[in-house]
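> Those sequence lines, one after another, are chains A and B. Quick note: the first sequence uses the UniProt record's numbering, first residue 1, plus one each step. Quick note: the second sequence uses the UniProt record's numbering, first residue 1, plus one each step.
I should point out that these hints are in silico values taken from the structure, not numbers from a laboratory. Given the structure is predicted, the values throughout are model-derived calculations rather than measurements. Heads up, a few of these hints could be off.
When chains are identical, the list treats them as one kind, so a pair holds in a single copy or across two.
[Unchecked claim] Capping the alpha-carbon separation at 20 Å, the derived lysine to any residue pairs in SDA-like fashion look like this:
(1) Lys283 x Asp96
(2) Lys196 x Gln158
(3) Lys220 x Ser95
(4) Lys196 x Gly140
(5) Lys166 x Gln132
(6) Lys83 x Asn45
(7) Lys166 x Gly140
(8) Lys220 x Glu231
(9) Lys166 x Ala227
(10) Lys166 x Arg180
(11) Lys83 x Asp49
2 protein chains.
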Amino acid sequence: MDLVLGIDGGGTGCRAALATTTGDILGRGRGGPANIRTDLAGACNNIVDAARQAFEDAGRDPALIASTPAVLGLAGANVGDYKQRLIAILPFSQSDVENDSLISLEGALGEHDGAIAALGTGTVYLARRHGQLRPVGGWGFQVGDLGSGARMGRDLLQETLLVYDKVRAGSTLSDIMLERFNHDPSDIVEFTTNAKPGDYGQFAPMVFEHAAKGDVVGQKLVERAVADVEETLAVFDLAPTERLCLLGGLAGLYAPLLSKRYRAIMHPPLQDALGGAVQMAAKRFGKAGGGHG
Amino acid sequence: MDLVLGIDGGGTGCRAALATTTGDILGRGRGGPANIRTDLAGACNNIVDAARQAFEDAGRDPALIASTPAVLGLAGANVGDYKQRLIAILPFSQSDVENDSLISLEGALGEHDGAIAALGTGTVYLARRHGQLRPVGGWGFQVGDLGSGARMGRDLLQETLLVYDKVRAGSTLSDIMLERFNHDPSDIVEFTTNAKPGDYGQFAPMVFEHAAKGDVVGQKLVERAVADVEETLAVFDLAPTERLCLLGGLAGLYAPLLSKRYRAIMHPPLQDALGGAVQMAAKRFGKAGGGHG
Numbered sequence: 001m002d003l004v005l006g007i008d009g010g011g012t013g014c015r016a017a018l019a020t021t022t023g024d025i026l027g028r029g030r031g032g033p034a035n036i037r038t039d040l041a042g043a044c045n046n047i048v049d050a051a052r053q054a055f056e057d058a059g060r061d062p063a064l065i066a067s068t069p070a071v072l073g074l075a076g077a078n079v080g081d082y083k084q085r086l087i088a089i090l091p092f093s094q095s096d097v098e099n100d101s102l103i104s105l106e107g108a109l110g111e112h113d114g115a116i117a118a119l120g121t122g123t124v125y126l127a128r129r130h131g132q133l134r135p136v137g138g139w140g141f142q143v144g145d146l147g148s149g150a151r152m153g154r155d156l157l158q159e160t161l162l163v164y165d166k167v168r169a170g171s172t173l174s175d176i177m178l179e180r181f182n183h184d185p186s187d188i189v190e191f192t193t194n195a196k197p198g199d200y201g202q203f204a205p206m207v208f209e210h211a212a213k214g215d216v217v218g219q220k221l222v223e224r225a226v227a228d229v230e231e232t233l234a235v236f237d238l239a240p241t242e243r244l245c246l247l248g249g250l251a252g253l254y255a256p257l258l259s260k261r262y263r264a265i266m267h268p269p270l271q272d273a274l275g276g277a278v279q280m281a282a283k284r285f286g287k288a289g290g291g292h293g
Numbered sequence: 001m002d003l004v005l006g007i008d009g010g011g012t013g014c015r016a017a018l019a020t021t022t023g024d025i026l027g028r029g030r031g032g033p034a035n036i037r038t039d040l041a042g043a044c045n046n047i048v049d050a051a052r053q054a055f056e057d058a059g060r061d062p063a064l065i066a067s068t069p070a071v072l073g074l075a076g077a078n079v080g081d082y083k084q085r086l087i088a089i090l091p092f093s094q095s096d097v098e099n100d101s102l103i104s105l106e107g108a109l110g111e112h113d114g115a116i117a118a119l120g121t122g123t124v125y126l127a128r129r130h131g132q133l134r135p136v137g138g139w140g141f142q143v144g145d146l147g148s149g150a151r152m153g154r155d156l157l158q159e160t161l162l163v164y165d166k167v168r169a170g171s172t173l174s175d176i177m178l179e180r181f182n183h184d185p186s187d188i189v190e191f192t193t194n195a196k197p198g199d200y201g202q203f204a205p206m207v208f209e210h211a212a213k214g215d216v217v218g219q220k221l222v223e224r225a226v227a228d229v230e231e232t233l234a235v236f237d238l239a240p241t242e243r244l245c246l247l248g249g250l251a252g253l254y255a256p257l258l259s260k261r262y263r264a265i266m267h268p269p270l271q272d273a274l275g276g277a278v279q280m281a282a283k284r285f286g287k288a289g290g291g292h293g
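If we strip away everything but chain A, and leave its shape as in the complex, we get (with noise of 0.2 Å):
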């Protein structure tokens, strides 16, 4: 019996699937970080421990992964040569190297057409027509990620010092911040110094839960937030007949703000990014080229 392996993985760590070439599951393995771009040789190291131990998972020799084709989607594989570099050591049958965001449309939408917006630390987009990507964004928080949680994190900040100097009008949220880091706008120079994403990004979820609560600095930096997304999501030209998934660590937050033409065609996800890597192993490497269920 012919055997494929999914693969899901990036900055935080990694997860395998290993499955048949119908697409069913046999086990299931998790490792370490898989970030190509800054450890090319530890990310193949922790791919290759979670592969292992979904074989073992499914009671199947390891032995075999040599003999088992792979698709792998993993975060920056779209950047320099580090793909090239990567599917040159790793061990399985074959490699098949795809961004993370085509896994995560795979699973999404399946079959469907449509697009999914990953809505968290960062923002990136990806739509699929009649098997024609379009992918958008997710050029990072510096000169992207428009509507992303470190955008919204830092641009939070940004307000919290506008207030302090009183060029504009403060707010509860801002009070909040200004209280956080012990009303020193020094204090909020220092935090930006070596911030980081996601250091600007834990701020986010409370500025969707003050502007729920008609924060005005919160509304303002929502408002333009959810401008942003639709601004982008334009760009698809969805039809209704299409889908629309948000993923993401923000993708609940956003969802009842969208307006009615896109929560119109909006459905959960039908599965994740790793089944949608196994979703794909299965069609291409399957004998049937099918079993997407």
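Let chain A serve as the given structure and place chain B on it in line with the hints.
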């Protein structure tokens, strides 16, 4: 005859002037960087070097440093305890360490009430009315410095990526930027990974230049920046009798774009920051407590 020192120091270098207690400059000197946050001892050495040169330039014995009082305007003097630590190791008979924006204001406005807007890679504002100081901004480009060259450059890269993704309409300016980054968003992302404020700020003059030619992307960015600057100036509620001085590398580009209200009270600076430090030293340490001219 009594002497005073004025010092103007920042991250790229420092300047010293030896003057009489009536503010007449007798000699000048230059030294290396005076970044008290990153190299306190080095900053002290470079300041003393510059002061020694000023004595020599004036034909005076540098040994008099120990009996000469100084006013020093230094970037970052308002953060943490760097100021106190510097004062403890400076060799002058008295050391008044002020933020660099104060000596800039003193030089630019002299005895007049009003405000300075330092518009360069960063932005910082300082107003003085009846001896009362009101500082605004200067919090760095990550979450502040609206209207600065760094923010304008960062915004330009963001617009360029939005144009690349077809989320927003492009222009000659965005075409030039895409060309510069080989039409590859990854190159822009790579640039932003370690970009310093000055790296972003290098694009600001180009934005003004294209905006002046009617470029829609340039105009949008410049209009937003002008609005940001005016929103901040509004907090000072400057009277028609007060002065506004624009300083910094972008001053000349902003000057014709501000609204009539601000153009009506705009004056060129009377003196530079070093002149301001000298005048402050003459006033503070001079026998008659005066000498401002």
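> What are the numbers of the hints the structure violates, in ascending order?
Of the numbered hints, just 3 does not hold.
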